[in-house]
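Trainee: Residue numbers (the working numbering), protein chains in the order written: chain A, 38 to 197; chain B, 29 to 420.
It is worth saying that the hints were derived from the structure and are not from the lab.
Built from N, CA and C at the ideal position, the CB exists for glycine as well.
One or more hints might be untrue.
What the hints assert, rightly or not - The following residues of chain A were derived to be distant from chain B, with all beta-carbon distances above 10 Å: (1) ASN61; (2) ASN88; (3) VAL97; (4) ALA144; (5) HIS155.
To be verified - Think about it this way: if two alpha-carbon atoms lie no more than 20 Å apart in a straight line, the pair counts; the simulated SDA-like pairs of lysine to any residue are: (6) A:LYS178 with B:ILE72; (7) B:LYS374 with A:ASP162; (8) A:LYS43 with B:THR397; (9) B:LYS57 with A:SER194; (10) B:LYS323 with B:GLU400; (11) A:LYS104 with A:ASP52; (12) B:LYS323 with A:LEU46; (13) B:LYS59 with A:ASP191; (14) A:LYS43 with B:MET363; (15) B:LYS176 with B:HIS343; (16) A:LYS178 with A:LEU62; (17) B:LYS59 with B:LYS368; (18) A:LYS43 with B:LYS213; (19) B:LYS57 with A:GLN192; (20) B:LYS323 with A:GLY48; (21) B:LYS323 with B:ILE72; (22) B:LYS45 with A:SER194; (23) B:LYS323 with A:ASP162; (24) B:LYS57 with A:PRO193; (25) B:LYS213 with B:SER249; (26) A:LYS177 with B:GLU79; (27) B:LYS323 with A:LEU62; (28) B:LYS45 with B:GLU400.
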Amino acid sequence: MNNVLKLLLEGEPLDTAQIGKILNLGQAAVESQLADLRKQGVLLGWRAVLNPSFEAERRVRAVIEIKIQTQGTGGFDGIAERISQFEQVESCYLMSGGYDLLVVVTADNLYKVAGFVHERLARIDGVQGTSTHFFLRAYKKDGFVITDSGAHRDQPSVSP
Amino acid sequence: MDESGRFVARHVASLPKSGIRDFFAIVSKMKDAVSLGIGEPDFITPFHVREAAMAALEKGRTSYTDNRGTLQLREEISRYVEKYYGPTYNPESEILVTVGVSEALDIMLRATLNPGDKVLYHEPCYVSYAPSVTLCHAIPIPIKTTSKDQFALDPVALRAAWEPGCKILILNFPTNPTGGTADRKKLEEIAKFAIEKDLLVASDEIYSELTFEGDHVSIASLPGMRERTVFLHGFSKAFAMTGFRIGYACGPASVIDGMLKVHQYSIMCAPIISQEAAVEALRNGRDSMLHMREKYRERRDFIVRRFNELGLKCHLPRGAFYAFPDITSTGLDSMTFASKLLEAQKVAMVPGTAFGEAGAGYCRASFSTSYERIHEAGERIARFLDTLPSRK
Numbered sequence: 038m039n040n041v042l043k044l045l046l047e048g049e050p051l052d053t054a055q056i057g058k059i060l061n062l063g064q065a066a067v068e069s070q071l072a073d074l075r076k077q078g079v080l081l082g083w084r085a086v087l088n089p090s091f092e093a094e095r096r097v098r099a100v101i102e103i104k105i106q107t108q109g110t111g112g113f114d115g116i117a118e119r120i121s122q123f124e125q126v127e128s129c130y131l132m133s134g135g136y137d138l139l140v141v142v143t144a145d146n147l148y149k150v151a152g153f154v155h156e157r158l159a160r161i162d163g164v165q166g167t168s169t170h171f172f173l174r175a176y177k178k179d180g181f182v183i184t185d186s187g188a189h190r191d192q193p194s195v196s197p
Numbered sequence: 029m030d031e032s033g034r035f036v037a038r039h040v041a042s043l044p045k046s047g048i049r050d051f052f053a054i055v056s057k058m059k060d061a062v063s064l065g066i067g068e069p070d071f072i073t074p075f076h077v078r079e080a081a082m083a084a085l086e087k088g089r090t091s092y093t094d095n096r097g098t099l100q101l102r103e104e105i106s107r108y109v110e111k112y113y114g115p116t117y118n119p120e121s122e123i124l125v126t127v128g129v130s131e132a133l134d135i136m137l138r139a140t141l142n143p144g145d146k147v148l149y150h151e152p153c154y155v156s157y158a159p160s161v162t163l164c165h166a167i168p169i170p171i172k173t174t175s176k177d178q179f180a181l182d183p184v185a186l187r188a189a190w191e192p193g194c195k196i197l198i199l200n201f202p203t204n205p206t207g208g209t210a211d212r213k214k215l216e217e218i219a220k221f222a223i224e225k226d227l228l229v230a231s232d233e234i235y236s237e238l239t240f241e242g243d244h245v246s247i248a249s250l251p252g253m254r255e256r257t258v259f260l261h262g263f264s265k266a267f268a269m270t271g272f273r274i275g276y277a278c279g280p281a282s283v284i285d286g287m288l289k290v291h292q293y294s295i296m297c298a299p300i301i302s303q304e305a306a307v308e309a310l311r312n313g314r315d316s317m318l319h320m321r322e323k324y325r326e327r328r329d330f331i332v333r334r335f336n337e338l339g340l341k342c343h344l345p346r347g348a349f350y351a352f353p354d355i356t357s358t359g360l361d362s363m364t365f366a367s368k369l370l371e372a373q374k375v376a377m378v379p380g381t382a383f384g385e386a387g388a389g390y391c392r393a394s395f396s397t398s399y400e401r402i403h404e405a406g407e408r409i410a411r412f413l414d415t416l417p418s419r420k
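Produce the entire structure from the sequences given, and follow the hints as far as they go.
Mentor: Structural data, given as structure tokens:
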């Protein structure tokens, strides 16, 4: 894997100047590599990972299982791409098993999710049925374990 | 003289105070200090190992164990040591589970040294070697290692340091604080010398899994050495299990029997919960260990390059997780450098002299920490160096 990417995925808060120093590349080289990765469609973008209990994250999040009838429609891809266009949709995957699409949505409140399901999703040709589950609490998010108290370590700051 | 001091034994009173403790006292009170002084993994113990400890509690495994440690753990240790180090040890009679490798070394010395015996060890080294020898009323004899050969033990220097009365040679490869290692050829020469002088070798291989260049060779695997070597190892560094306090010794049954006596009267047995966790680490911990080793290696490359860029000459440590830059170009001694750096820029490095006189002119920097911290430390050290008259 590309070293710049590898470092980014470790999740440490590093800017391009710091990454340049760590990898002995220089800031300009890191920036051009990142630009290339974006052009190639490998790196889609990046965003901060927030603790869901933090104010700005206090929105409802739901996962919706969708069953699809593909006959006479654009097939899975057509429907999935259409659903992905809605700004409420955080992610959308084609699944194996008892349903076909798994969609994660966020909204300001429960009613907005409900509205999205019955006014938007249910009206799409090929959507046979939905099953909506609301997230109650996060214990781990994007690789970060979330604790109430914050991990406390008694590790001495200097030891032999 | 402090009146209460009269109760303290002379050989204890004569031990120097660890320089590291003074540093710890200052750093622990300092806000936003960047510490490169931490002598343990930055990782939390892999979860599957912690889970094994929890399972032990759940099952009510809270008793003493056999003084030697559970047979299950000794069997796992036997398999592990044979697979990765070579020699075969009988779990019934040649393996002893201890409270960290520190206890293993201590009781090995106590079980074998008579008052006045002499013990050779290479310096700079871990802080406990010389004091542990002194506590046995024996005499520590340091052999200086240098950056010329990345702090490997030079067999010529070993021969020169030897004197009548030497009974034990302590080896520690990879070395804390220098990252020094010994290749097969050097070890063969050392082994030959040990046989010639009938030395018992205490080989502390606690950092052996964290060898970045070449393969780690244990001196116990060389011809004629198994019968005169006590192989000392543990779980703290490779499996990030420092707090579990669990280690072991493998060696000839007679020496292990002697150690067992000291162990049973002073410790009884290692904690059973830690023993259960250790079994899991040996059975299934290799992937986590390799992952951590890779992270250490990447950080090593960065910190060593950074020190050299800053004009602090630093060799590439071949093992362990410490860089040991030469700070003599600053015109300061180790202690002054470390104190001033801490005072001016709040970066903690351990003065090389904490690891013996041979550490003079160096400081130890642990790279078992995040890139962010290493980067920040580098920036601060650069600012500090700019203020020194020798660098203007």
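Trainee: Give a verdict on every hint.
Mentor: Evaluation of the provided hints:
no.: 1; hint: ASN61; in the structure: violated (6 Å)
no.: 2; hint: ASN88; in the structure: holds (19 Å)
no.: 3; hint: VAL97; in the structure: holds (30 Å)
no.: 4; hint: ALA144; in the structure: holds (34 Å)
no.: 5; hint: HIS155; in the structure: holds (42 Å)
no.: 6; hint: A:LYS178 with B:ILE72; in the structure: holds (18 Å)
no.: 7; hint: B:LYS374 with A:ASP162; in the structure: violated (64 Å)
no.: 8; hint: A:LYS43 with B:THR397; in the structure: holds (17 Å)
no.: 9; hint: B:LYS57 with A:SER194; in the structure: holds (10 Å)
no.: 10; hint: B:LYS323 with B:GLU400; in the structure: holds (13 Å)
no.: 11; hint: A:LYS104 with A:ASP52; in the structure: violated (43 Å)
no.: 12; hint: B:LYS323 with A:LEU46; in the structure: holds (13 Å)
no.: 13; hint: B:LYS59 with A:ASP191; in the structure: holds (15 Å)
no.: 14; hint: A:LYS43 with B:MET363; in the structure: violated (38 Å)
no.: 15; hint: B:LYS176 with B:HIS343; in the structure: holds (9 Å)
no.: 16; hint: A:LYS178 with A:LEU62; in the structure: violated (31 Å)
no.: 17; hint: B:LYS59 with B:LYS368; in the structure: holds (16 Å)
no.: 18; hint: A:LYS43 with B:LYS213; in the structure: violated (37 Å)
no.: 19; hint: B:LYS57 with A:GLN192; in the structure: holds (14 Å)
no.: 20; hint: B:LYS323 with A:GLY48; in the structure: holds (13 Å)
no.: 21; hint: B:LYS323 with B:ILE72; in the structure: holds (14 Å)
no.: 22; hint: B:LYS45 with A:SER194; in the structure: holds (18 Å)
no.: 23; hint: B:LYS323 with A:ASP162; in the structure: violated (50 Å)
no.: 24; hint: B:LYS57 with A:PRO193; in the structure: holds (11 Å)
no.: 25; hint: B:LYS213 with B:SER249; in the structure: holds (13 Å)
no.: 26; hint: A:LYS177 with B:GLU79; in the structure: holds (18 Å)
no.: 27; hint: B:LYS323 with A:LEU62; in the structure: holds (19 Å)
no.: 28; hint: B:LYS45 with B:GLU400; in the structure: violated (33 Å)
When the structure is compared with the earlier hints, violations turn up for hints 1, 7, 11, 14, 16, 18, 23, 28 and for no others.
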